[in-house]
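Just need the whole structure built from these sequences, with the hints factored in.
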Amino acid sequence: MIGVFDGMHRGHRYLIERAVRAARALHKKTVAITFDPHPKGQPYLISLAHRLKVIAELGVSACLVIRFSQQFAKSPPESFIRDTLVKFFHPLYVFVGDNFRFGYRAQGDVALLKRLGKLLGFQVRPVRELGAGRKKISSQRIRSLIRAGSLKKAEELLGRRVSVLGTVIKGESRGRILGYRTANIDPHHEVLPKPGVYAVKVLYNEKEYNGICNIGRRPTFNSQEEPLNIEVHLFNFRKDIYAEDMEIKFIRKLRDEKKFPSPSFLSIQLKEDSRNALRLLNLKRVG
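Start counting the sequence shown at 1263; every next residue gets the next number (this note's numbering).
Some hints here could point you the wrong way.
[Claimed, not checked] Quick list of simulated restraints, FRET-style, between CB atoms:
no.: 1; residue 1: A1287; residue 2: K1380; range: 15 to 25 Å
no.: 2; residue 1: E1519; residue 2: L1288; range: 50 to 60 Å
no.: 3; residue 1: S1526; residue 2: R1286; range: 54 to 64 Å
no.: 4; residue 1: G1393; residue 2: A1311; range: 44 to 54 Å
no.: 5; residue 1: S1331; residue 2: S1435; range: 40 to 50 Å
[Unchecked claim] Simulated pairs of lysine to aspartate or glutamate, EDC-like, Cα-Cα distance not exceeding 20 Å:
no.: 6; residue 1: K1432; residue 2: E1509
no.: 7; residue 1: K1432; residue 2: D1448
no.: 8; residue 1: K1511; residue 2: D1448
no.: 9; residue 1: K1398; residue 2: E1434
no.: 10; residue 1: K1302; residue 2: D1371
no.: 11; residue 1: K1469; residue 2: E1506
no.: 12; residue 1: K1463; residue 2: E1319
no.: 13; residue 1: K1397; residue 2: E1418
no.: 14; residue 1: K1349; residue 2: D1360
no.: 15; residue 1: K1376; residue 2: E1391
no.: 16; residue 1: K1501; residue 2: E1519
no.: 17; residue 1: K1469; residue 2: E1488
no.: 18; residue 1: K1315; residue 2: E1417
To be clear, the hints were calculated from the coordinates, so they are not data collected in a lab.
The C-beta atom is built at its ideal place from N, Cα and C for all residues, glycine as well.
In C-alpha cells form, the structure reads like this:
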C-alpha cells in the first residue's frame, strides 16, 4: 500500500486493514510505503515515529519510508513504480486511495497505476475515501479540530483517541516541590490540543497508566512569553525516566491553564485536578 498516512485516521486504517486481510488470505506479507517530509511541505499531524507505530499495530509486515526530496519530487510517475515499487517488492496487489496521485507534479493517478500494473504484473485495489457527514475525512480537518479543542469530533475521524507520542526530557523538577512528580515531554512537533489540564491515559513500556497532563506556559512560574510545555503526572508511578517515549492519550479537558497566587495554591488545585481525573477515569485512588 502507498500513502502519506498523515494522522493515521479512519480512512487510512480502513485501507491498511483491507490490505492486511488480503495478504493474510494469500499467506503473503504487507509492505507500506510512505514519505517524509510531507510531500506538500506542511507539518505532519503526527510524527513519523508515531505514524510507524500505528502502522505496525495494524499488522503491516514492513514499512518503507522514502525521503521526499526535491530530486524525488521530480521523478516521473512511471519511474517511481518501476524503480522502487516493482524493483524492490514485486507486489501482487497495490492498495491505494481512490484519489491517489504520484510522480512529478502529481501527474500519476489510479488509472495510470492500473495501466502500469498490467504491464508490470500487479493488480491495483483502489479504496474509496471515507466520509463523516458531508465532508471527507482528512488530516487537515482533524488538525483543525484538535487545535480548536474539539477532541470528541477529532476522535470520531481518527477512529482512536487524540494522542501525542513524545520523548521524556529533563525539566526543572518543580513538580517534586509541588508534590506532583511530572515527566516533561518533547512532542516532536505533533499537533497539540489547546492549552489546559487534561485527564489522560499514558502508554509507556507497553503498559497503560492514568494521570493528568498540562499543556501550557506555566504562568505561575513563567511569563506568557514562554514556549508551550507538556508535563504529565502519572498516578501510582515513582520511576524517573528520561530519553524514553510515551504516548499520551487525551481523554477529556478538565480546565484551562491559569496563574495562581503562589505554588501552594497551584498544589491545591492539582490535588483537585487529580480527584476530577480519577472520577472521570473510574479509579478509586491516586498514589
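_K1398 and E1434 were given as a pair; does the straight-line alpha-carbon distance stay at or below 20 Å?_
Violated, at about 43 Å.
*Proposed proximity, E1418 with K1397 (alpha carbon, max 20 Å)*: Holds. K1397 to E1418 sits at ~13 Å (cutoff 20 Å).
*Is the hinted pair K1302 and D1371 satisfied, with a Cα-Cα distance of at most 20 Å?*
Status holds; Cα separation ~17 Å.
*Pair hint K1511 and D1448, alpha-carbon separation not exceeding 20 Å*: 15 Å, holds
_Against the 20 Å threshold, does the CA-CA distance of K1349 and D1360 hold or violate the hint?_
Cα-Cα ~24 Å, so violated.
_Against the 20 Å threshold, does the CA-CA distance of K1376 and E1391 hold or violate the hint?_
18 Å, holds
*Taking the CB of S1331 and the CB of S1435, does the distance hold inside 40 to 50 Å?*
The hinted range 40 to 50 Å holds for S1331 and S1435, with Cβ atoms some 41 Å apart.
*asked:* Taking 54 to 64 Å as the stated bounds, is the beta-carbon spacing between S1526 and R1286 within them?
replied: Check passed, 58 Å falls within 54 to 64 Å.
*Between K1501 and E1519, is the straight-line Cα distance small enough, at 20 Å or below?*
Since the Cα atoms of K1501 and E1519 sit roughly 26 Å apart, the hinted pair is violated (cutoff 20 Å).
_Holds or violated: K1432 to E1509, with C-alpha atoms at most 20 Å apart_ = Holds, because 17 Å separates the two Cα atoms, which is no more than 20 Å.
*Look at the Cβ atoms of E1519 and L1288 and judge whether their distance stays inside 50 to 60 Å.*
With a Cβ separation near 52 Å, E1519 and L1288 satisfy 50 to 60 Å, so the hint holds.
*For the pair supplied as a hint, K1469 and E1488, is the alpha-carbon distance within the 20 Å limit?*
32 Å, violated
The earlier numbered hints that this structure contradicts are 4, 9, 14, 16 and 17.
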